[in-house]
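S.K.: Listed below, chain by chain, are the residues.
Protein chains: 2
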Amino acid sequence: MLESPGAPPPHDSRQADTGLPVSVPSTALFTDQYELTMLQAALHAGTAERRSSFEVFTRRLPEGRRYGVVAGTGRVLDAVENFRFDEQMLGFLREQHVVDERTLEWLAGYRFRGDIRGYPEGEVYFPGSPVLRVEGTFAECVLLETVILSILNHDSAVAAAASRMAVAAGDRPLIEMGARRTHELAAVAASRAAYIGGFATTSDLAAGFRYGIPTVGTSAHSFTLLHDSERDAFTAQVDSLGSGTTLLVDTYDVAEAVRTAVEIAGPGLGAVRIDSGDLLLLAHRVRQQLDDLGAHGTKIVVTSDLDEYAIASLAAAPVDAYGVGTQLVTGSGHPTCSMVYKLVARAEADEPDAPMRPVAKRSMGGKSSAGGAKWAARTLDASGVAEAEVVGSGEVPSELADRLLQVELVKGGEVVGREPLEAARERHRAAVAGLPMSAMQLSRGEPVLPVEHR
Amino acid sequence: MLESPGAPPPHDSRQADTGLPVSVPSTALFTDQYELTMLQAALHAGTAERRSSFEVFTRRLPEGRRYGVVAGTGRVLDAVENFRFDEQMLGFLREQHVVDERTLEWLAGYRFRGDIRGYPEGEVYFPGSPVLRVEGTFAECVLLETVILSILNHDSAVAAAASRMAVAAGDRPLIEMGARRTHELAAVAASRAAYIGGFATTSDLAAGFRYGIPTVGTSAHSFTLLHDSERDAFTAQVDSLGSGTTLLVDTYDVAEAVRTAVEIAGPGLGAVRIDSGDLLLLAHRVRQQLDDLGAHGTKIVVTSDLDEYAIASLAAAPVDAYGVGTQLVTGSGHPTCSMVYKLVARAEADEPDAPMRPVAKRSMGGKSSAGGAKWAARTLDASGVAEAEVVGSGEVPSELADRLLQVELVKGGEVVGREPLEAARERHRAAVAGLPMSAMQLSRGEPVLPVEHR
Numbered sequence: 001m002l003e004s005p006g007a008p009p010p011h012d013s014r015q016a017d018t019g020l021p022v023s024v025p026s027t028a029l030f031t032d033q034y035e036l037t038m039l040q041a042a043l044h045a046g047t048a049e050r051r052s053s054f055e056v057f058t059r060r061l062p063e064g065r066r067y068g069v070v071a072g073t074g075r076v077l078d079a080v081e082n083f084r085f086d087e088q089m090l091g092f093l094r095e096q097h098v099v100d101e102r103t104l105e106w107l108a109g110y111r112f113r114g115d116i117r118g119y120p121e122g123e124v125y126f127p128g129s130p131v132l133r134v135e136g137t138f139a140e141c142v143l144l145e146t147v148i149l150s151i152l153n154h155d156s157a158v159a160a161a162a163s164r165m166a167v168a169a170g171d172r173p174l175i176e177m178g179a180r181r182t183h184e185l186a187a188v189a190a191s192r193a194a195y196i197g198g199f200a201t202t203s204d205l206a207a208g209f210r211y212g213i214p215t216v217g218t219s220a221h222s223f224t225l226l227h228d229s230e231r232d233a234f235t236a237q238v239d240s241l242g243s244g245t246t247l248l249v250d251t252y253d254v255a256e257a258v259r260t261a262v263e264i265a266g267p268g269l270g271a272v273r274i275d276s277g278d279l280l281l282l283a284h285r286v287r288q289q290l291d292d293l294g295a296h297g298t299k300i301v302v303t304s305d306l307d308e309y310a311i312a313s314l315a316a317a318p319v320d321a322y323g324v325g326t327q328l329v330t331g332s333g334h335p336t337c338s339m340v341y342k343l344v345a346r347a348e349a350d351e352p353d354a355p356m357r358p359v360a361k362r363s364m365g366g367k368s369s370a371g372g373a374k375w376a377a378r379t380l381d382a383s384g385v386a387e388a389e390v391v392g393s394g395e396v397p398s399e400l401a402d403r404l405l406q407v408e409l410v411k412g413g414e415v416v417g418r419e420p421l422e423a424a425r426e427r428h429r430a431a432v433a434g435l436p437m438s439a440m441q442l443s444r445g446e447p448v449l450p451v452e453h454r
Numbered sequence: 001m002l003e004s005p006g007a008p009p010p011h012d013s014r015q016a017d018t019g020l021p022v023s024v025p026s027t028a029l030f031t032d033q034y035e036l037t038m039l040q041a042a043l044h045a046g047t048a049e050r051r052s053s054f055e056v057f058t059r060r061l062p063e064g065r066r067y068g069v070v071a072g073t074g075r076v077l078d079a080v081e082n083f084r085f086d087e088q089m090l091g092f093l094r095e096q097h098v099v100d101e102r103t104l105e106w107l108a109g110y111r112f113r114g115d116i117r118g119y120p121e122g123e124v125y126f127p128g129s130p131v132l133r134v135e136g137t138f139a140e141c142v143l144l145e146t147v148i149l150s151i152l153n154h155d156s157a158v159a160a161a162a163s164r165m166a167v168a169a170g171d172r173p174l175i176e177m178g179a180r181r182t183h184e185l186a187a188v189a190a191s192r193a194a195y196i197g198g199f200a201t202t203s204d205l206a207a208g209f210r211y212g213i214p215t216v217g218t219s220a221h222s223f224t225l226l227h228d229s230e231r232d233a234f235t236a237q238v239d240s241l242g243s244g245t246t247l248l249v250d251t252y253d254v255a256e257a258v259r260t261a262v263e264i265a266g267p268g269l270g271a272v273r274i275d276s277g278d279l280l281l282l283a284h285r286v287r288q289q290l291d292d293l294g295a296h297g298t299k300i301v302v303t304s305d306l307d308e309y310a311i312a313s314l315a316a317a318p319v320d321a322y323g324v325g326t327q328l329v330t331g332s333g334h335p336t337c338s339m340v341y342k343l344v345a346r347a348e349a350d351e352p353d354a355p356m357r358p359v360a361k362r363s364m365g366g367k368s369s370a371g372g373a374k375w376a377a378r379t380l381d382a383s384g385v386a387e388a389e390v391v392g393s394g395e396v397p398s399e400l401a402d403r404l405l406q407v408e409l410v411k412g413g414e415v416v417g418r419e420p421l422e423a424a425r426e427r428h429r430a431a432v433a434g435l436p437m438s439a440m441q442l443s444r445g446e447p448v449l450p451v452e453h454r
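These protein sequence lines map, in sequence, to chains A and B.
Going by the UniProt record's numbering, the residue at position 87 of the first sequence is 87; the numbering climbs one at a time, nothing skipped.
Going by the UniProt record's numbering, the residue at position 316 of the second sequence is 316; the numbering climbs one at a time, nothing skipped.
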């Protein structure tokens, strides 16, 4: 189901994905300039090849949130694989004097040959969880900082909002329809993240094309206004799209529109959409009216600036599906995740087998962090519910060996952690189900698991 | 200055822009599915060719904001020009049964042939300002809704935040460095919008490559931690990049780092960057120390979760430049603009020369809007300061004829409104300078101009 038959098979080669319109041939310039100037200076100093471990983590969750959601991992793998400097890019860097010739030469041969481990996509995380670890030479790892953070910070923010909305919606399907509220390509990634977080479908055709997410559509007020009457508009839509279509009933008078809709489509009308007004009140009224008209199977879809709280407030209303836009794609108040990419360990010296040394920023100001490459495990209580996130940097205690969270994603430069989007979605569902019940509360609170440092 | 010598000349043909890595060959799938199903139904009903006027506007500014900033217009023109359905896309739509064969055939020949007028890029706007008007057949206009809104909602949100930050920063330059906090392609558009809003430079290489925005870089804590001492790190950086470089001084102890920095680079050191701690206090201390060391020309760059308020609070501190990330790319609390794309007028009948009729949604719920295609003018008081935004839908009063805000952007499908990015930036500077002084207040307030409807 998740393959788009019309699209080329994704990831079938080391070539840049040409699954237009939402891929880009190279990700190498989605990079802050200082990554390249640091590379130049390290090449000059002879320190560029020092073995290094970088880790991605957050120092905190957005205020009041109970858990974070890892999303974007699959896109990170694409980005790493397609991180190459072609002649045109090198020409730009040369003309702009961004780096020197020696560095340009090094960049021309760049391919990431290191290792990446991390929380699998869809997994939940907490403050300090080592979400991703990138290991290799300093040079090859530092270049990936910006694009990895861009992807994880954006996608995880959307997935976290989606997850809360999915909790609030319960068994009712959520439709992602936020494309018009965010950058056109961020929208495609947002659809993907929302799907992982529990959304069922998207309105965004590019997301269907690129990621095989099921697409849906209803109609807009403009369609009704184009026609001489609402009756004409409904007739046009039902004639062309069938009685299973969704008719928009709030352009003029809702009660009259519902009456007209059932008259034209018959009691087999697929659904009606309400996009304004008091949704709680209207949903009850419209359901009653539909039932009175014998349209017991006609569903009610509501849209109109919904967030997780509005969705929850409609739990007792006869609503069959929620369409969510703005609040989803903007992370419901938290459009980014504050993930950072920090050097946590590096070789003592320049020899390939030099021992690793933990490193960390130490100045005042609250931005210090623990050094050393870290493992993470989630412990369970007697009833199998998650109890704590345990993070450590030495040997893994034997009792935690089968509770480790990180998985191999890239090994020696080869992507080994590719998986279908469906797997991340299912993993997320299972991860949330395994958390204490308070994870489901929408109210503000502390992270639902304590993080223990070993 | 704003052309990237290494990049191909943008917009030199009707071909999709291949200025990698940040263009996409077609924008046609950045579209909500319902645009296509509405098209199908309208083709079926014979109403698809009715002449229509769609307008983009907002019903309100984000709470407390004094003005909005139009940004993204140049990207809209690219998107309209590159909105074509190729075989692969049509194949996808066919396989997924999104629309019928007749509609696919229509889409295969799609090119926008209508007209677009709007506020020029960089101009300010207010609630109800008719920011963009798209005219043509219903069919050709309705398809553009999603991608136009995506671009304007995102880019204008970032530009509005940038503009406030630029007001707060006064003559001090602002560096855009938010790439890691937002989607990797949204980041490129954000750099562009920030530049229009008054930022001077960006850290994002793709933004330099694609839009010719000047790029800059400093260095990260990881570079210091890679080396055996801060002294080694600074030496490596200065040796390779010259004494004009910017050294990051808050990895360990700021005072010691500043001492070491000047010792290594000499008093000609370009700048130091402070990325944590009490920036106000540290800026004063570091300035004093630099001056004591004879490094009077060494600049101080501050970064660390700055927003317009933090920037304003540093106005009296000896700071030379601000680097801004998260709060810029997330619109400083308002990551989207709530612009809508509404059918405001359409032909009475299906004949090409049928008169136009204003249309508008009329149901309860606060989403109704005024029908009719609108003009807009900005009136000035006796001293030449903007006084009101006048919006009307009939004849333009003669006294307003030379104060009209909208310009031609697309005429008969041909883009006529292309301009250098620098023009939008300069226009924005002039537009803000022409507003009443209260526009400059960062505190919450009403829109700085009243909107009068004629």
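Keep in mind the hints are simulated off the structure, nothing from the lab.
Idealized CB from N, CA, C, for every residue including glycine.
Among these hints, one or two may not hold up.
Quick list of simulated restraints, FRET-style, between CB atoms [stated by the list, open to error]:
1) 446/A x 110/B: 37 to 43 Å
2) 296/A x 312/B: 55 to 61 Å
3) 440/A x 63/B: 49 to 55 Å
4) 229/B x 60/A: 28 to 34 Å
5) 60/A x 263/B: 55 to 61 Å
6) 451/A x 110/B: 50 to 56 Å
7) 60/B x 440/A: 53 to 59 Å
8) 297/B x 450/A: 28 to 34 Å
S.K.: Each hint should be assessed against the structure and marked as holding or not.
M.R.: Hints versus structure:
In this structure the supplied range 37 to 43 Å is violated for residue 446/A paired with residue 110/B, their Cβ-Cβ distance being about 53 Å. Restraint check, residue 296/A to residue 312/B: a C-beta distance of roughly 60 Å satisfies the suggested window 55 to 61 Å. As the Cβ distance of residue 440/A to residue 63/B is approximately 30 Å, the hint placing it in 49 to 55 Å is violated. The supplied range of 28 to 34 Å is met by residue 229/B and residue 60/A, whose beta-carbon atoms lie about 31 Å from each other.
In this structure the hint that residue 60/A and residue 263/B lie 55 to 61 Å apart at CB is violated, the actual value being about 37 Å. Roughly 53 Å separates the CB atoms of residue 451/A and residue 110/B, a value that falls within the hinted 50 to 56 Å. Against the hinted window of 53 to 59 Å, the Cβ-Cβ separation of residue 60/B and residue 440/A comes to about 33 Å, which falls outside the hint. Checking the proposed 28 to 34 Å range against residue 297/B and residue 450/A shows it is violated: the Cβ atoms sit about 50 Å from each other.
This entry does not satisfy hints 1, 3, 5, 7 and 8, going by the numbered hints stated previously.
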